[in-house]
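Student: Sequence:
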Amino acid sequence: MIDPAVLRDRSARRGTLLVFVCNTGVPSFTYLRFLHLQSAVGYSALSAALTSAPFAAAAVVGSRAAPALTRRHGPTVLTAASLVMAGMCLALAPLVGSAAGRQAALPVLAVGGAAFGAFTASVFTLVLAEVHGPAAGSVSGLLPTAQQLGGSIGVTAAGLAYYAPAADADTAFLHALSDAFPAPPSKRAPSA
3 MIDPAVLRDR SARRGTLLVF VCNTGVPSFT YLRFLHLQSA VGYSALSAAL
53 TSAPFAAAAV VGSRAAPALT RRHGPTVLTA ASLVMAGMCL ALAPLVGSAA
103 GRQAALPVLA VGGAAFGAFT ASVFTLVLAE VHGPAAGSVS GLLPTAQQLG
153 GSIGVTAAGL AYYAPAADAD TAFLHALSDA FPAPPSKRAP SA
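According to the numbering used here, the sequence shown is numbered sequentially starting from 3.
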């Protein structure tokens, strides 16, 4: 089902991996944010959605700017957008503990949303432009598969991290968003 040329094409391999990795993060971020706001903070579904409106609105703006950014900066757009989205998660993690922090998170969400829009609107075009010959057809089907698989794995891993033993729900959210930078052991609840 996949042309063997895909495995030999470096651009195809790298692009598919990039789409997979980025999409382990974005759906899991969205899932964690809504889960935390509704189950731990007590927001209604509508209130949780409204707090995420800056992310969604800015994603539209980022996707509209993506063609011009891609023409001007090429693949650097993907690197910059990925770093901004990772930074957004790290910046948001400590902000969820208070109402003031959640308000301060709104501009951070907007910046992350713009980066998400730019990444999503650019990645398929940039990857497919680099793929050679017979691999292009297979890669055009493989990229959405990597996107969906990455999202499924990311949401699963995020849920496991969120429900791992932690001192409180805010700490669990912090760990799930930034498990590469865990809190010191003294702040975590002992394992059962």
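Each hint should be verified, as a subset may be incorrect.
Derived DEER-like restraints, expressed as beta-carbon distance ranges [said to hold, decoys possible]:
1. 88 - 165: 35 to 41 Å
2. 135 - 49: 50 to 56 Å
3. 131 - 23: 29 to 35 Å
4. 162 - 12: 16 to 22 Å
5. 23 - 46: 31 to 37 Å
6. 76 - 44: 44 to 50 Å
7. 6 - 75: 29 to 35 Å
8. 102 - 165: 48 to 54 Å
9. 63 - 167: 38 to 44 Å
Worth flagging that the hints you see were computed from the coordinates, not collected in a lab.
For each residue, glycine too, the CB sits at the ideal point set by N, CA and C.
Student: Now look at each hint and say whether the structure bears it out.
Tutor: Okay, the hints, checked on the actual structure:
no. : hint                  : result
1   : 88 - 165: 35 to 41 Å  : violated, 23 Å
2   : 135 - 49: 50 to 56 Å  : holds, 51 Å
3   : 131 - 23: 29 to 35 Å  : violated, 20 Å
4   : 162 - 12: 16 to 22 Å  : violated, 33 Å
5   : 23 - 46: 31 to 37 Å   : holds, 33 Å
6   : 76 - 44: 44 to 50 Å   : holds, 45 Å
7   : 6 - 75: 29 to 35 Å    : holds, 33 Å
8   : 102 - 165: 48 to 54 Å : violated, 27 Å
9   : 63 - 167: 38 to 44 Å  : holds, 40 Å
The structure fails hints 1, 3, 4, 8 (numbered hints given earlier, in ascending order).
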